[in-house]
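Trainee: Starting from the known structure of chain A, arrange chain B on it as the hints suggest.
2 protein chains.
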Amino acid sequence: MPLRLDASDTGFADAFAALVDARRESDADVSRDVAAILQRVRTEGDAALHALTLQFDRHDLDATGWRVSAEECRAALDGLDTELRIALELAAARIGDFHARQKPQDSESVDSAGVRLGSRWRGVDAAGVYVPGGRAAYPSSVLMNAIPAKVAGVERLVMVTPTPGGEVNPLVLAAASLAGVDEVWRVGGAQAIAALAYGTDRITPVDVVTGPGNAWVAEAKRQLYGVVGIDMVAGPSEIVVVADGANDPDWIAADLLSQAEHDPTSQSILFTDDVGFADRVAEAVERTLATLSTEATARTSWNDNGAIVTVPALTEAIRLVDRLAPEHLELAVADPQPLFDKVRHAGSVFLGRHTPEAVGDYVAGPNHVLPTGRRARFSSGLSVLDFMKRTSFLACDESSLAKIGPAAVALAGAEGLPAHALSVGIRLK
Amino acid sequence: MPLRLDASDTGFADAFAALVDARRESDADVSRDVAAILQRVRTEGDAALHALTLQFDRHDLDATGWRVSAEECRAALDGLDTELRIALELAAARIGDFHARQKPQDSESVDSAGVRLGSRWRGVDAAGVYVPGGRAAYPSSVLMNAIPAKVAGVERLVMVTPTPGGEVNPLVLAAASLAGVDEVWRVGGAQAIAALAYGTDRITPVDVVTGPGNAWVAEAKRQLYGVVGIDMVAGPSEIVVVADGANDPDWIAADLLSQAEHDPTSQSILFTDDVGFADRVAEAVERTLATLSTEATARTSWNDNGAIVTVPALTEAIRLVDRLAPEHLELAVADPQPLFDKVRHAGSVFLGRHTPEAVGDYVAGPNHVLPTGRRARFSSGLSVLDFMKRTSFLACDESSLAKIGPAAVALAGAEGLPAHALSVGIRLK
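Protein chains in written order, with this note's numbering: chain A, 1 to 429; chain B, 1 to 429.
It is worth saying that the hints were derived from the structure and are not from the lab.
Some clues are possibly wrong.
Only pairs whose alpha carbons sit at most 30 Å apart, straight line, appear in this in silico DSS-like list of lysine-lysine [stated by the list, open to error]:
# : chain 1 : residue 1 : chain 2 : residue 2
1 : B       : Lys103    : A       : Lys103
2 : A       : Lys103    : B       : Lys342
3 : A       : Lys150    : A       : Lys103
4 : B       : Lys342    : A       : Lys150
Computed, partial: chain A to chain B, Cβ under 7 Å [stated by the list, open to error]:
#  : residue
5  : Ala254
6  : Ser293
7  : Thr294
8  : Arg344
9  : Phe350
10 : Ser379
11 : Leu401
12 : Ile426
These numbers come from a predicted model, not from an experiment.
By construction, the Cβ of each residue, glycine as well, lies at the ideal position given by its N, Cα and C atoms.
Same shape as in the complex, but just chain A (with noise of 0.2 Å):
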């Protein structure tokens, strides 16, 4: 049964309080053998990737093939039946179109002082999208993923992942191909994380590295920060639903059961001021929970996380939200505007009736790689900006640092560094 909450029960407090710091996330740690894994492909390259790649995907890259070709991407495409196509053709073209609106506008100035200064935007050079193998290669995933990079102005886009027994996904290469994958490497696991980042004499290094994966991918990611750029460690997906009771709770519950059902980790939380309605959610989710083929997942998901809140009135229940930072919010009321102007923290919000999270994962256009744990107080979900970079710049004339220069000058003394205040000082007359 998942946890039952009343904000007008003592206690609450301390119970809500032991909500908000539960951890989801596995404690098991596998630094140790991620950092070899790293230091082995560092060092030994392709050799390593080989001989990783027959241990844990059971294939051998010289048999199957290192990488798999544009034709069979293309192929992939080509064979999906009609409507698949039509659908994954329109997310890609709403991905495309929302991302092709985050691009940032370069900037330039010139000051009082006559100091022109601005900042430039770039793509980097080269990104890497991690795509898992088995269960949870999702087409959705290569899209949001890919898409981005693209538009950043990514010239390099190279997609690793693992095809345990050798076997591929094609709506995975599907996907790479409308998106425009450049390489596709069957490579996974920490070790193709390593590739990237270090390179090898196959794969040529990148920039920045994104995508999910499980925990040795994850760990893989978080050592390699700053050799390359990455997207933010994520863990298990959360959803919060703000419903009242004129919602129908089949509605509702399928709504939850979206997020239960992607792993026995995942939570999903409603909050409601209507009690009666929150008992109507709970029967829905047993009666939903039957017909579908992830029971067992989501059953266990909702079983050990799951939540129901109950709250005097629903303005009440934003402040319980942004403490909780959840990664989807869905906001199911006629008028959302009023709760969502006072929403602090979240990943992505999902306003009214008629939308629910699952348009997001797919076709909406926003982008489905969002901040988990609580990590919506601080970050933001994946963008175009994630493969870009700034650079700033600066020009001064003789007049412009005539007239910002000895203040350099004054603080660089103070701060005990002769040769800055020189570099200054010396070109003022």
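Mentor: Leaving out everything else, chain B in the frame of chain A:
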């Protein structure tokens, strides 16, 4: 003696590759020591801070006080001599102006399907700025870290700084007062970063931690990345100067030494198309070194890590500069724009003969916290964005969900996620 390379020599490619790959960052593995300190602060809180401060900074926090009050900071500001006060105020005003222009715009639109979608930016609730004690306690660093946070709208800005032997640095306190820092705590090292991330009874946790520090501080930030947001892990400082023969060799020598005096591991590299000029700069460096109070540090840096590279033409230098992706790049020529247009990778660029890098360290406006160690390939200087996060949002109504929903149902089905499909499908008539 610094390295001398000529791009037309045989063997240049290998020698330059070695320069690019040379690692100047400490290999000292402090990760286990740091992990122990973080764990101790996490479990013991203020008692750990007290004990570690006694051990490392040799003062008793209960005797010296845990905090520096706002009044003490204000008194330090009021006690500055007039020239320094004016210089610090000019710097703060210009840094504020530059960073105010970085504030991102919220965006919102309704697309052709009738879907309303967009992004909203908010400052984080609280940020912590680390300020080193001792030699590297720079008031300019306080301004460069604190002002972007304030511009971002951070409500609670916390400074932590070690006060070895109990001694505070009045310049740092003055800068904190000017920048609007809300709390100053006399703790430093990995233990200060742990206190900011986990919180203690005395110190409420923050959401983002920035600021320079030694190897322990850098490793603490790396290990706590994800618990809090952090700025890029920084390595030794570096400058590349691209200069033609028409420059005054003394000016360029001062620029090279302004990086060299920071630290023995700093790096200064000159690219020029004039061999005679290269010789004159080398002589000027020797002459200038003898005049500096920072001679020992600057000489070690210049001899161990410095380089002078002669190239047939300065345009060819830019291709080489991009491989170094330097933190600071000076283009000391009469018309720098054509060279600047070709630059892809640099943290900050200083254009023309009258723009010494040091003017950017203090008063120009752009941030002086910049990516080092070739990280300008994928990362950017500190900015207002480091203290903000973006929430995406989405609103469908019955009509727009009818248009894009079926594609989401199809993709969810293909990914084997029935509750995802159901949550959309159940809302379609």
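Trainee: Would you check the hint for lysine 342/B and lysine 150/A, treating anything up to 30 Å between C-alpha atoms as holding?
Mentor: holds, 21 Å
Trainee: Checking hints one by one. Is arginine 344/A an interface residue toward chain B, by the C-beta closer than 7 Å rule?
Mentor: Interface hint status for arginine 344/A: holds (6 Å vs cutoff 7 Å).
Trainee: Lysine 103/A and lysine 342/B: Cα distance at most 30 Å?
Mentor: OK: lysine 103/A and lysine 342/B at ~20 Å, within 30 Å.
Trainee: At a threshold of 7 Å, is the proposed contact between leucine 401/A and chain B supported by beta-carbon distances?
Mentor: holds, 5 Å
Trainee: Decide if the proposed pair is consistent with the structure: lysine 150/A and lysine 103/A, CA atoms, cutoff 30 Å inclusive.
Mentor: holds, 11 Å
Trainee: Does the nearest C-beta of chain B fall within a distance shorter than 7 Å of the C-beta of isoleucine 426/A?
Mentor: With Cβ-Cβ at 5 Å, under 7 Å, it holds.
Trainee: Hold the hint about threonine 294/A up to the distance rule: shortest CB distance to chain B must be less than 7 Å.
Mentor: Holds, about 6 Å.
Trainee: When the nearest CB of chain B is found for phenylalanine 350/A, is that gap smaller than 7 Å?
Mentor: holds, 6 Å
Trainee: Measuring from the C-beta of serine 379/A to each C-beta in chain B, is the shortest one below 7 Å?
Mentor: Nearest chain B Cβ about 6 Å off; hint holds.
Trainee: Run the distance test for lysine 103/B versus lysine 103/A: straight-line Cα separation, threshold 30 Å.
Mentor: Within the cut-off at roughly 14 Å; holds.
Trainee: Report holds or violated for the interface hint on alanine 254/A, using the least CB-CB distance to chain B and a cut-off of 7 Å.
Mentor: holds, 4 Å
Trainee: Hey, does the serine 293/A contact hint survive, CB to chain B under 7 Å?
Mentor: With a closest approach of 5 Å, the serine 293/A hint holds.
Figure legend: structure checked against the earlier numbered hints; every hint is met.
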